[in-house]
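Can you make the complete structure from the sequences, with help from the hints?
Residue numbers (this note's numbering), protein chains in the order written: chain L, -6 to 340; chain A, -6 to 340; chain Z, -6 to 340; chain X, -6 to 340.
Simulated from the structure, these hints should not be mistaken for laboratory data.
Check before you lean on any hint, since a few could be wrong.
As the list claims (entries may be wrong) - So the derived list for chain Z, only partly shown, Cβ under 10 Å to chain L, looks like this:
1. 9
2. 13
3. 20
4. 47
5. 54
6. 189
7. 267
8. 284
9. 309
10. 336
11. 339
For every residue, glycine included, the Cβ atom is placed at its ideal position computed from N, Cα and C.
Okay, here's what each chain looks like letter by letter:
Number of protein chains: 4
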Amino acid sequence: MSSKKFRAAIINVTGYAGSELARILHLHPDIQVVSMTGRSAAGKRLSDVFPHLWPCDGPITEQVEGDVDIVFSALPHAASAEACAPFVRAGLPVVDLSADFRLKDREEFESWYRVTHPAPDLLASAVYGLPELHRDEIRAAKLVASPGCYPTGAILALAPVVRAGLVGSDLIVDSKSGVSGAGRSLDIKYHFGEMDESVAAYGLGGHRHQPEMRQELGALREGPPPIVTFVPHLIPMVRGILTTAYATLDLAKLGSDPAAEVRALYEDAYAGEPFARVVPAPPQTKHTSGSNHCLLYPTVDVRAGRLIVVAALDNLVKGAAGQATQAANLMLGLPETAGLGAIAAYP
Amino acid sequence: MSSKKFRAAIINVTGYAGSELARILHLHPDIQVVSMTGRSAAGKRLSDVFPHLWPCDGPITEQVEGDVDIVFSALPHAASAEACAPFVRAGLPVVDLSADFRLKDREEFESWYRVTHPAPDLLASAVYGLPELHRDEIRAAKLVASPGCYPTGAILALAPVVRAGLVGSDLIVDSKSGVSGAGRSLDIKYHFGEMDESVAAYGLGGHRHQPEMRQELGALREGPPPIVTFVPHLIPMVRGILTTAYATLDLAKLGSDPAAEVRALYEDAYAGEPFARVVPAPPQTKHTSGSNHCLLYPTVDVRAGRLIVVAALDNLVKGAAGQATQAANLMLGLPETAGLGAIAAYP
Amino acid sequence: MSSKKFRAAIINVTGYAGSELARILHLHPDIQVVSMTGRSAAGKRLSDVFPHLWPCDGPITEQVEGDVDIVFSALPHAASAEACAPFVRAGLPVVDLSADFRLKDREEFESWYRVTHPAPDLLASAVYGLPELHRDEIRAAKLVASPGCYPTGAILALAPVVRAGLVGSDLIVDSKSGVSGAGRSLDIKYHFGEMDESVAAYGLGGHRHQPEMRQELGALREGPPPIVTFVPHLIPMVRGILTTAYATLDLAKLGSDPAAEVRALYEDAYAGEPFARVVPAPPQTKHTSGSNHCLLYPTVDVRAGRLIVVAALDNLVKGAAGQATQAANLMLGLPETAGLGAIAAYP
Amino acid sequence: MSSKKFRAAIINVTGYAGSELARILHLHPDIQVVSMTGRSAAGKRLSDVFPHLWPCDGPITEQVEGDVDIVFSALPHAASAEACAPFVRAGLPVVDLSADFRLKDREEFESWYRVTHPAPDLLASAVYGLPELHRDEIRAAKLVASPGCYPTGAILALAPVVRAGLVGSDLIVDSKSGVSGAGRSLDIKYHFGEMDESVAAYGLGGHRHQPEMRQELGALREGPPPIVTFVPHLIPMVRGILTTAYATLDLAKLGSDPAAEVRALYEDAYAGEPFARVVPAPPQTKHTSGSNHCLLYPTVDVRAGRLIVVAALDNLVKGAAGQATQAANLMLGLPETAGLGAIAAYP
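Now the structure itself:
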């Protein structure tokens, strides 16, 4: 049976997104990882770097080796586009977890990421890999740009009302994230002694995930894209992002019970979605730990005429490796939920 | 020398605010605790309930005993007003850490707290105990209502721009709090297994600290009080509140560098304040752990015309027991900083 | 295909062990949960109590309903034996996660648990459900007593040397556990504010898991059972137990490199075991989070003639629900690893 | 008044021990810090490196500047001896927080620390700075070697029984530490993502704090020094060490209630000590957070004839900066508790 599985490569398996992908694909019924690359770890085995992945193991090489049917890249931006381009050009399905193909506008990318785009010719064909918005395009795509962890929650939180024209241009996204979104890089900021029992805002001068939110929300309606104020916060936990989104509601378009109407709108928008779910009470991020779900709770501060939507997800799963697997399933014609049945580990 | 100290009573020393007050006053050069009451713990000694307070110790009684010069109450609302009233009426200085005397409007209090106010006649003379706004009134007061932990950060974060008329009526306060603000009461929500590695919003239907913010910010300018959308979040830490406040700036009133102008406004507003400080980088709550400081970082998202202010404090100190001590110092004619010199413990 | 699955009941699904079992069995290829009971939650749906389990859901009833092929009980001791007995007597395979059938000696049970054993007649046929020691008996058993979380690590840590006669009678087991082992019950000890940033020993007067260790280790050799000093510690984490076991080695029975010899003994003892694994470096509990693995690291303090073995596991998986599933697989003639392929979630 | 204070220098203020010393001395009534050195931070101000220390501030220089009455060094080993030596030779009182002068035996030091001792001639006059064992020598000393964080708890836990000849040579010290003991250095081990929700043993091949324990405990009785098996563990917290010490008791020397006798021995040994205290229940490390106390709980596993002692302390205070201050007080003829009155912050 395993001979019938799709053969996958993971480029840069040695970060948190790459190793999470290895973990998820290890139990995937239809995809098997046959090649894994690393940079400094090339020559080692996966279990040397990540003992926790055992019995998922294998050699880490510098380049993708052998025949593969699909390529995942978990490299940092710029390096990722460079590594993906040959596979895309060779016609292989590629899911890029980096930011390289998320922004349609090359100049916007280059201004936020301060680097020359290594493969701008591929931008036009790349699909933003959020299945709840772009399912059919992902099915047809050869290159999918897997969304950022923050945009996944923020876009799912705001898409229904933006599409319905119920909110103005004026959006606020206040997100609280665990540390794993920042990867394994060493920085005194991520030292346990500095982070535990503490919370801080960062990126107040502008965070790279903000233009993704604007692009995707802007595409949902006519007119100029919304203005998104995005403030991420680092909180003392490992996995999970909670996003609290605020927008001024056009109450004139709603009836006497705006909260119920808004809620119905969300339930309708996500009816049938396997991984986006409107929940009856404000969600905890822990309700999604290790699962591919995004839990959404919309409500209205009627006095202020303000929509509040809370979205919870696991940044390494629905915010990274799980969402990439979901896209791969669509690209390969597999059931969208294949390999993604894990329920959150709680407590 | 200790005979010259002011003699203080702590009513309900057995919660987190009461025990923190005992801890702070233990090192106070001019105030000594001579009477401590508890409810279920009456008859025990303080060290039976809180071994960590040793060598600060003494009997816990049902009622205040002996002669005292000042009374602090850390009882829950309603019970607190009832316990404080006789002392206020007897002319003793009283600092009430509960919500009972914070809202000037009895009806508003009764509607939020769903209880009949036990001493409405005292409301008129009570002073809201935020020294940065009401220093002189506190000096002259016999009854001080020590502010809530959330309002302390939110009001300090927004007061300068509200007073200056630079923002509209439309304010958002997104706060992230450690668990100690909820006290020692048992609830599955505060179980380590449920709270660790998780974050959630709560109070989405309306939180009791919101009217405090509106009252105090509203008093800073003419016209109707602002509309405050307040969303608190419980994050996996013990002490500390980080508040991120958002408001639409009237850019027309500002020049070419609104961020610098706003920053100068805050520096000016808090110049000389011993415990409110404008900091050069976004603060961590841990920078205030155990200290009476509130650290403020104002900035502007110019593209969106939006003010963002981050405020960090220790909810048990500047948000409760430290602020109460600060008020007591003012009421007793002591140096405002007496007993409050502790620097944050970090890491 | 699901019609061919074994039909399982979970008695008391509403604790941490019960809900973890629901989580694991949800992805089991050959077992499906068809009946779930609760006590106070009877009448609700599983997702009302545990939103995180969605889409695993179903009604919670007071009694097991419908035809089932196997019964798991996650009730507390005494209640569990009472609930299990009818099923055992009816010939159904039963896995009891409580302590009721772990100790062979009724009097010892009654003295540690201070309760009259509700079904002492079943003790003789019950098998201690540690597959690494009792695989064949579990295969043949109708009633399996799933081991305690602490004994699982301690017994796996010491069994090879006890069996080989390399250590004296004098054993020390120092364990560090996350809070989930204590269940969901409310106690100020488990309040986040009290537990975070703190560690303490408990059970110093004697812990109920100690006789399990003595019984199982004692059965591995002739002579009187060993004397086990067991000190558990509660540390600020949710899942995971790290056990550090100490024993005086009989160095005369070992050659010039006792550490290597001891290591070889452990590798030999656990060769082929799917879930007990000797690792090359001291393990972190996080390497087992959500997986059914127990990681073992034996070494020798040669100067002191002392064996040190470190064992890491997830108390809710290999220490509870995973181990129960492993036993059920054996009892039902399924592959021992069925449904237990999950790799640790890390970080 | 401040002109009468002793003038202190802190060499290497930029680590956790150095900044904790600055924090403690900021409130010291009789010592003021007049010079602070750093290495990479020379030229900056203290508040640039540690914003939390404000309003404690001042320039960081490369060398000690101005006249000082006492020198504290918080440099790493080897560098510290080198920096301290000139001050010692000039007759100034010096408290060295590094390991350089803790071990009397130069060869033992050099073999554990793998470096040539920079000032072996000063070893003979150095005093091990544990006041509970060496109070009078510290009073008379010019050079005090402040004990390691682990040895402080371990030695206080075992000294009374070793001195009384109640235990054999065979000691086990199992310690659980927060991360701050490892300092601010960057290492993936101390990354929040790797450390949170996890515990591991380390130093299993031999930890440098073990010979300190042996030296100091060995000096308490005739005959060869005891053999100490020491296993430290890193647990997910910032401050605090809990040590669980095990020793075989000579029950023949005790009467019918060994636990009570042992407890009385400890209470007697530490009667009158301001910072070592025998407590009635197993202590939490959090009971000492920010205070200079070491809490001790001795008990006996009678069945096994084994002494168990639990010791809790804050590794940065009694395990480092507080203990150094305590020694300095003694050296300067000040009250031993001066500046050390802070009570633990809890929760």
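Evaluation of the provided hints:
1. 9: holds (6 Å)
2. 13: Since the shortest Cβ distance to chain L is 8 Å, the answer is holds.
3. 20: Residue 20(Z) check passes; min Cβ-Cβ to chain L is 6 Å, inside 10 Å.
4. 47: holds (7 Å)
5. 54: violated (21 Å)
6. 189: Since the shortest Cβ distance to chain L is 7 Å, the answer is holds.
7. 267: holds (8 Å)
8. 284: Since chain L brings a Cβ to about 8 Å from residue 284(Z), closer than 10 Å, the hint holds.
9. 309: Hint holds; residue 309(Z) Cβ to chain L Cβ min 8 Å, cut 10 Å.
10. 336: The hint holds - residue 336(Z) has a Cβ within 10 Å of chain L, the shortest such distance being about 5 Å.
11. 339: holds (4 Å)
The structure does not agree with numbered hint 5 stated previously, though it agrees with all others.
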